[in-house]
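Take 0 as the starting number for the sequence shown in numbering that gives the first Met the number 0 and just add one per residue.
Label pairs and their calculated CB-CB ranges:
id, residue 1, residue 2, range
1, Q123, K54, 28 to 38 Å
2, G124, S48, 34 to 44 Å
3, K107, S48, 17 to 27 Å
4, G92, Q123, 10 to 20 Å
5, R58, Q123, 31 to 41 Å
6, G56, L93, 31 to 41 Å
If you are wondering where the hints come from, they were derived from the structure by calculation, not from laboratory data.
Predicted, not measured: the structure shown is a model, and the values here were computed from it.
C-beta atoms are modelled at their ideal positions from N, C-alpha and C, and glycine is treated no differently.
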Amino acid sequence: MKERVIKPVRRGKTKVVREPIAAPDRYRSARRAFASDAELADLIGVHRSNVVRWKQGERASSAHLEPLLALDVVVSLLDGFLAPAAIRSWLYGLNALLADRRPLDVLKHGRLSEVVAAIEAEKQGAFA
Numbered sequence: 000m001k002e003r004v005i006k007p008v009r010r011g012k013t014k015v016v017r018e019p020i021a022a023p024d025r026y027r028s029a030r031r032a033f034a035s036d037a038e039l040a041d042l043i044g045v046h047r048s049n050v051v052r053w054k055q056g057e058r059a060s061s062a063h064l065e066p067l068l069a070l071d072v073v074v075s076l077l078d079g080f081l082a083p084a085a086i087r088s089w090l091y092g093l094n095a096l097l098a099d100r101r102p103l104d105v106l107k108h109g110r111l112s113e114v115v116a117a118i119e120a121e122k123q124g125a126f127a
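Whenever a hint applies, use it, and build me the whole structure from the sequences.
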């Protein structure tokens, strides 16, 4: 998370405040793989109004930031490797490199590194 240093509140003490990262760019990147804002909201586990606020420039809360960032990373890695329409299919499809799990399910369990490894392996032409 972005950190901002605040001037000392007491002699010699400095308070560090963590601010949520701006969501619009992350939203736009992740949204490319989904048919609607509602689908993206359901996947992340937020109300659609959160997605609308991100689209309008509001920052994501720390609770929603991790899944949004994970989707942004995965969609960005797949962009250019797969056609835009195929990204959604890849995310929802069973993947042998992920032990026949769907990449979205793996992401929901906080396992971004496994999904990234599967993408890299596919880019290298590996088969499970």
